[in-house]
Amino acid sequence: MRSDRPPFALTLGAIGGLMFLHLPILLIFLYAFTTEEKSYQFPPPGLTTEWFGVAWNRADIWPPLWLSLKVATIASGLALLLGTLCAAAMARARFFGRDTISLLVILPIALPGIITGMSLRSAFAIADIPFSMWTIMLGHATFCIVIVYNNAVARFRRLGSSMLEASADLGANAFQTFRFVILPNLGTALLAGGMLAFALSFDEVIVTTFTAGTGNAAKTLPIWMLDELVRPRQRPVTNVVAIVVFTATFLPILAAYYLTSGAEETAGGGK
Amino acid sequence: MPATSQPAKATGIAERLTALFWKRPGILLALLLAPPLLWLGVVYVGSLVALLWQSFYSIDPFSGVVVREFTLKTYGELLLPQNYDIILRTVTMAAAVTLASAALAFPIAFYAARFAKGRWKAVFYLGVMLPLWSSYLVKVYAWKLILAKEGIVTWAANGIGAGSVLDAILSIPVIGGNSLSTSFIGTFIVFVYVWLPYMILPMQASLERVPKSMLEASADLGAGGLRTLWSVTLPLALPGIIAGSIFTFSLTLGDYIIPQIIGNSANFIGMAVYSLQGTAGNIPLAAAFAVIPILIMLVYLAIARRLGAFDAL
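These protein sequences, in sequence, are chains A and B. So that you can map any letter, position 155 of the first sequence is 155 in our numbering, and since no number is skipped, the others follow by simple counting. So that you can map any letter, position 154 of the second sequence is 154 in our numbering, and since no number is skipped, the others follow by simple counting.
Okay, chain A solo, but in the shape it has when bound (with noise of 0.2 Å):
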């Protein structure tokens, strides 16, 4: 039968359509080098590696940067915590208003990042809470909690309950059964489920604009980039930092997709 190669047509539409993905982010690595830096000319006029000190020693890009390694950090790990415990009770047992958690859990990233952004905005208004750092890590722990529950509740569905009462029956108690039997096989399912989690909250931009308040205190480093979007000034500064955006989300992604490539489900089929 024919349909076992693929037309012409066809290999051209699928090849074409994954350069369209990938060639535009090379572009922000040349763009990085270019010696222009009051417009995108193309071709560079020159190129130059000075850009990279430039960034280096712009004091205003530290504190963007350790803020949101700072909230990605703390939000991953609540998200880790309140999405592991979700999923181990769903994964657990059938009861009542199950469907109904499952679609809260989704939620906050269902609906238009606008909407979680500004509700939380006006509940912090409400209950008369201040911007700071945490008010922004509480915002990116509520979209985070899917992307970890995602993960471990596949993986508890694989584990199954035999294993568990097997641990009960030669004695084992809860506790010691978490320990020594449920981390070990959640690992890394947790551990590409906090990647992606990081790898989220780090480049989150629509969220933090409602939670974080005005100020350079409350600047993340998407933020920042944002900033210069609007207001370009040293636009090949703006590339470097892309960069260093770009390498913060791309390796927590390809290592949470080593973690779990083995197994039955693979982590980031689904944002």
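Since the hints were derived computationally from the structure, they do not count as laboratory data. You may find that some hints are simply not true.
[What the hints assert, rightly or not] Computed list of lysine-lysine pairs in DSS-like fashion (alpha-carbon distance at most 25 Å, straight line): (1) Lys38(A) / Lys144(B); (2) Lys117(B) / Lys212(B); (3) Lys23(B) / Lys121(B); (4) Lys38(A) / Lys23(B).
With chain A held as given, fit chain B onto it using these hints.
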């Protein structure tokens, strides 16, 4: 199993708790669920309700103060021409982006599902997943570089002698503009680029579920490749395409960064919400605007559910 048959050596607190969890699994379940439910069910849903509630308030036109009385007046303001235009523009854009994403996604998803094997399968999977997860802002920024007037598209168009074609496209009223990065065409391209992976993954999943025997049966009955594609593959893959369209449609409806950075500064729902709740301080109208994407998506989801898209998610 009766609880008495358990080794009830209630020596330490851990053993006691274990026995309790065994006798009454509901307690363990409640303990596991309490923290995430407090967070999502109380904090998050609470804030959603608080927001939606405010859409039934109105703003005093003279003092600019929010009047805390139930009214539908704010929803009535959505029908004013300038607000209605924003809604229409956003929905049109979302529909166009969804159609274009489906068209672009199909060859990739089809190839990955039917022809990619072994190592190539992984290449296709990573090739779609990495752009899906990689930084949203970096992707938008990349397109600002590409679509700028002095950027690579203009350079390439002039290089192959198609500069006049580009100018002709840009001179089309409404969707054209001064340069690609300040036109609706630009906004459209970037939306398609950013949401495309969300379309490919569910589409590929549903194409992988199309039984090969059906394709062979179609060929045996004398259908050519295109006829099989149209009459067999596409109808079977439709749930996946609709599942993907849920994402592309919803994400376009709510986005406010892309039209702010690339486009002719015409308002979209997201931008209107952002400026209304921020500088304008008109929370009730912002909340009423925010209800629109939610309503549209509820209707969309109801239709998608009838067409079986939820099994393809």
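25 Å Cα cutoff - pair Lys38(A), Lys23(B): Outside the cut-off at roughly 71 Å; violated.
Please work out if Lys38(A) and Lys144(B) have their alpha carbons no farther apart than 25 Å. Within the cut-off at roughly 14 Å; holds.
Hinted pair, alpha-carbon criterion (25 Å max): Lys117(B), Lys212(B). Please report holds or violated. 15 Å, holds
Lys23(B) and Lys121(B): Cα distance at most 25 Å? Outside the cut-off at roughly 48 Å; violated.
Of the hints listed earlier, those the structure fails to meet are numbers 3 and 4, in rising order.
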